[in-house]
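Colleague: Using the sequences provided together with the hints, build the complete structure.
Number of protein chains: 2
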Amino acid sequence: MASGKGVLLKADPIAGTFQEEIKTGVSALPHKLKLVGILATSSAPSRYYADFTRKQCEALGIEFELKETGAAANPSLAEGEGVEQTIIESNEDDNVHGIMVYFPIFGVQQDHYLQQVVSPFKDVEGLHFKFHYNLYHNIRFLRPKTLLTTIGVPSSTEAPMDTESPPEGTVKSIIPCTPLAVVKCLEYTGIYNRLLPYGDRAYGKTITVINRSEVVGRPLAALLSNDGARVLSVDIGSIQEYTKRPKAADSAAQRYNPRHVVHNSQMTLEECLAVSDVVVSAVPSANYKVKTEWLKDGCVCINVAADKNFEKDVRDKASLYIPAVGKITIIMLLRNL
Amino acid sequence: MASGKGVLLKADPIAGTFQEEIKTGVSALPHKLKLVGILATSSAPSRYYADFTRKQCEALGIEFELKETGAAANPSLAEGEGVEQTIIESNEDDNVHGIMVYFPIFGVQQDHYLQQVVSPFKDVEGLHFKFHYNLYHNIRFLRPKTLLTTIGVPSSTEAPMDTESPPEGTVKSIIPCTPLAVVKCLEYTGIYNRLLPYGDRAYGKTITVINRSEVVGRPLAALLSNDGARVLSVDIGSIQEYTKRPKAADSAAQRYNPRHVVHNSQMTLEECLAVSDVVVSAVPSANYKVKTEWLKDGCVCINVAADKNFEKDVRDKASLYIPAVGKITIIMLLRNL
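Heads up: the sequence lines are chains A and B, in that order. Quick note: to get our numbering, add 2 to the position in the first sequence (first position is 1). Quick note: to get our numbering, add 2 to the position in the second sequence (first position is 1).
No lab work stands behind these hints: they were computed from the structure. Owing to the predicted nature of the structure, the values given are computational and were not obtained by experimental measurement. Take these hints with a grain of salt, some might be off.
Each pair may be met inside one copy or between any two copies, as identical chains are not told apart.
[Unchecked claim] For lysine to any residue, the following SDA-like pairs were computed, each having C-alpha atoms within a straight-line distance of at most 25 Å:
1) Lys147 x Tyr115
2) Lys174 x Gln87
3) Lys147 x Ala308
4) Lys174 x Phe143
5) Lys69 x Gln242
6) Lys174 x Gln112
7) Lys69 x Arg261
8) Lys174 x Leu150
9) Lys147 x Tyr135
Modeller: Okay, structure coming up:
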């Protein structure tokens, strides 16, 4: 590019492509949809996010109720106090169609427990174990009643995956919102190629994902590699390579959906970045920065973290830079209602 | 005490009280019980624990098969590689009655995911979400079919709790092994008073639990306070107090089982230890030590961590000191088969 500067891509136009679809869908329903937000901490970013959810809901014609408990309701109460009971009450309330809990509350372990308490029928964020299980096993559609069972038996006959629309009697399995928002960015930017068959649209692309948490990094790496990409998953302690299991790799694998396999990688981060068409970073630290000089010319960089994980001059190398995906995440979430 | 020295209590005699019960039960069965251990890492303590499991199984007449995958099977493979598929195969194998996975493998988040993949019908460790949910809600018995559903609706009519033996059609809900091992220590040492009604046998006791993980500290604190104890739960960031919800506290709570409530505590660790009849420590660090001088005279100290969390002179204050509970844990686990 003449200027040597890549394009700065804000989340609004990408989110915008879904807004009309949701508005139309919502207004066609016989009843109003209701989302409950549960705020249990004194965290300022969580309250900001709750306010933002309300604004988005109002713009789309969705009813939003914020339930405050614990330190959010009364500073003398503990952080998180009463949150589990509030979730259970919302699970049992037939007028509530979706539940969003503002994490983090207690830390990853206890928060993970709470994510399982939210009914999978009302889990708009896609944080329930069942959805992660389906994602990791590349099970894209599900019969709603299977959401009720704890045990997931992968079966390719029950869950065909080479079609974009759910077969009769099934619905799309919910994909965790933030990883899905990244995929929507990659569709918008053309990294996902619509000329390729559904389920393989990232074929030929190498993508580095920095972070391997169960909320963002690992589901994202699985999702992208299930769609055909070669994914280099970078965490503090190790680098792994996620690639799709070939359909006819071995007969024992035949009963499972073709899905990602994971191996250790001997590559360094510098080597990963040098070959990556896309770099996604989701490191929850203000100090972490991806080195611009290591990036491949013309790559696409997506910052998922709340802090900026890319250096200021990232667009000297990147052809496209998406600094934040939060607005897309919330639209994905409302789409799950 | 004249010597000023408390009694050192090894785990063997406590574990021993259950060995005969299990042996007799196992030999009365028409088929042999089979436990599968899944070792997926190169961790030496995990392999040691697997060998120990085998020995214990053989002594009790239980068949044990160790399935090795990932780095445990072949050093060129990644830590944990193939573990999820090995779990699924064992879930589906009707000849397998129990599954034990040697954690840690990937870290708390991904390990927590794997714990949900193990069928709750074969989860001898009690790590499945359902068992934690029941424990936190003080649901002591369950109808086996409810294990199949993802959503747990607490209902005191379905799960009476003032009796020691399961009502018809129900079985005991599995309690995570390590917390249960601690309760067995407290029963053995008389801290749990059998003269008190079942479900309230720790009433009147103050217990400090140092650690609040989802595997040990939090379920243990909930378990002890559900049994009537006042529990001071100490974690790096905060101190909380767990107490039992009174049966008739408020009408809204009536539909739930009487169970623990959690509040922030303003006490310091020193103040907690000064009033505690029992101190349980489970801090995974060789450097962490509970100060003997802070302990209450005649208290009971239980070390759950792999490292020694108490100072050498702990028995100058403690009347009883149990340095390790691992042998009891494994017996609890085999009892769950």
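Colleague: Have a look at Lys69 and Arg261 and pick one of within, between, both or neither, based on CA distance no larger than 25 Å.
Modeller: between (39 Å within a copy, 23 Å between copies)
Colleague: When Cα atoms must be at most 25 Å apart, do Lys69 and Gln242 count as within-copy, between-copy, both, or neither?
Modeller: Answer is between: at 23 Å across copies they meet the 25 Å cutoff, but 40 Å inside does not.
Colleague: State whether the alpha carbon distance between Lys147 and Tyr115 is at most 25 Å within one copy, between copies, both, or neither.
Modeller: Classified as both: same-chain Cα gap 22 Å, cross-chain 21 Å, threshold 25 Å.
Colleague: Check Lys147 against Ala308 for me: Cα-Cα at most 25 Å, and say if that holds within a copy, between copies, both or neither.
Modeller: neither (36 Å within a copy, 43 Å between copies)
Colleague: Between Lys174 and Gln112, at a C-alpha cutoff of 25 Å, which is it: within one copy, between copies, both, or neither?
Modeller: Answer is between: at 24 Å across copies they meet the 25 Å cutoff, but 28 Å inside does not.
Colleague: Within a copy, between copies, both or neither: which one fits Lys174 and Phe143 at a CA-CA cutoff of 25 Å?
Modeller: within (4 Å within a copy, 35 Å between copies)
Colleague: With identical chains, the pair Lys174 and Gln87 could be close in the same copy or across copies; at 25 Å between alpha carbons, which is it: within, between, both, or neither?
Modeller: between (29 Å within a copy, 24 Å between copies)
Colleague: Using 25 Å as the alpha carbon limit, work out where Lys174 and Leu150 are close: within a copy, between copies, both or neither.
Modeller: Close inside one copy (15 Å) and across copies (22 Å); limit 25 Å.
Colleague: Is it within, between, both, or neither for Lys147 and Tyr135, if the alpha carbons may be no more than 25 Å apart?
Modeller: both (16 Å within a copy, 21 Å between copies)
Violated hint for the displayed structure: number 3, the only one.
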